[in-house]
Amino acid sequence: AQSVAQPEDQVNVAEGNPLTVKCTYSVSGNPYLFWYVQYPNRGLQFLLKYITGDNLVKGSYGFEAEFNKSQTSFHLKKPSALVSDSALYFCAVRVVSGGYQKVTFGTGTKLQVIP
Amino acid sequence: GAVVSQHPSRVICKSGTSVKIECRSLDFQATTMFWYRQFPKQSLMLMATSNEGSKATYEQGVEKDKFLINHASLTLSTLTVTSAHPEDSSFYICSATSGVNEQFFGPGTRLTVL
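Each protein sequence line maps, in turn, to chains A and B. Following this note's numbering, the numbering of the first sequence begins with 1 at its first residue and continues without gaps. Following this note's numbering, the numbering of the second sequence begins with 1 at its first residue and continues without gaps.
Quick caveat, the hints were computed from the structure, so don't treat them as lab data. Even glycine gets a Cβ: it sits at the ideal position worked out from N, Cα and C. Treat each hint with caution, since some may be false.
[As the list claims (entries may be wrong)] To be clear about the criterion: a stretch of chain A counts as covered by chain B if any three or more of its residues have a C-beta under 8 Å from a C-beta of chain B, and this derived list gives those stretches:
| hint | segment |
| --- | --- |
| 1 | 12-22 |
| 2 | 63-73 |
[As the list claims (entries may be wrong)] Straight-line Cα separation of at most 30 Å, DSS-like style, residue types lysine-lysine; simulated pairs:
| hint | chain 1 | residue 1 | chain 2 | residue 2 |
| --- | --- | --- | --- | --- |
| 3 | B | K55 | B | K14 |
| 4 | B | K64 | A | K102 |
| 5 | A | K102 | B | K14 |
| 6 | A | K58 | A | K77 |
For reference, chain B alone in the conformation it holds in the complex (with noise of 0.2 Å):
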């Protein structure tokens, strides 16, 4: 299958900064991207949904100016999530896809902030 690289793995931060996430299509043009949280008891919260040179779609309950979402290319999406708290700790994972087909998921990024 297709392949897309997240990047950090893991990064710790101090509450207050921000930290930015890249997700990275490899070997295929994504149309669509989408972001996720997977909390401890393995549940997956699809966070947005973005379109290659548009604005992402929100899901309910996640504010878009704290998680800023760009999919500036067909290759490359990143989330930043802007003055981060310890409560926005997490493990933040992307996916990539083209059309109406499968997800290609990254590794996930694990974010700790202190």
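Next comes chain A alone, as it looks inside the complex (with noise of 0.2 Å):
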């Protein structure tokens, strides 16, 4: 069985420093990972995605996350955090196998960036 972890429901970082939001993975076969983004109010909106090729991963808004795979870990980071980026923040795996496709979703982990 596949399954996400984001092992933190909050993290909280001041305007400007760099952020970190944590994301491990655990599945049989490759992974597909990606990152999506909610805010207050909205609906969930793509970020960024890895499928191959490059580890580091660029995305919307300024944020990037690199895959690690001996690490089974796709943490997403963004080198200058703003107010704005405040939001609900989930990591997503999904598998193809065998023309089925499973998603799993982590729990999401709040970002709250303090001006």
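Make one complex out of these two single chains by using the hints.
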């Protein structure tokens, strides 16, 4: 069975400081990894994905994430946090096997950027 | 990004009635659609995965006879909550994707069963 762990319910960071939102996963097979963001009272939006290739992927709003196969991690990072980055962040893993695909989301991490 | 709509955005119904929620991909053909419930403490629970033209695959613990999913076309999937009860009150979210690309999410439907 596949699983995704976001060990922190909430991350607080001062504006201008770097931020990291952690994600680890467990799958059999090759994972496709995603980060989504949910702003207050808005639907989930895609941020970035890792399918194959470069381990460091860049996404929307200056976010990036690094795929680390040995540590089975896909942490989300941003060099300098903005107050507008405050939102709920979800990590997701997707595995395709025999024409069937399985998607699993983490429980979400609330990011609070303090002015 | 692509646009996914959900209708209605909010519905209140009496216990024992059925409610249908529509999910549409407006500007792309969605080979796969997903249905989720989002609980108050933020977690997103996958209910089922549906591929166009075939039966939905339900997650463990989700009753397929209670949550009927139809994915009759590449742009429309429906979730019908049959004989709804207060414990079915929740925020239901659909998403659509093409291939193994990222999912595009609808804005969600708030269901309240009295």
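Verification of the supplied hints:
1. 12-22: n = 0 at 8 Å, threshold three: violated.
2. 63-73: Since 0 is below three, the answer is violated.
3. B/K55 x B/K14: 28 Å, holds
4. B/K64 x A/K102: 17 Å, holds
5. A/K102 x B/K14: Given pair A/K102, B/K14 is violated - Cα atoms ~34 Å apart, limit 30 Å.
6. A/K58 x A/K77: Status holds; Cα separation ~10 Å.
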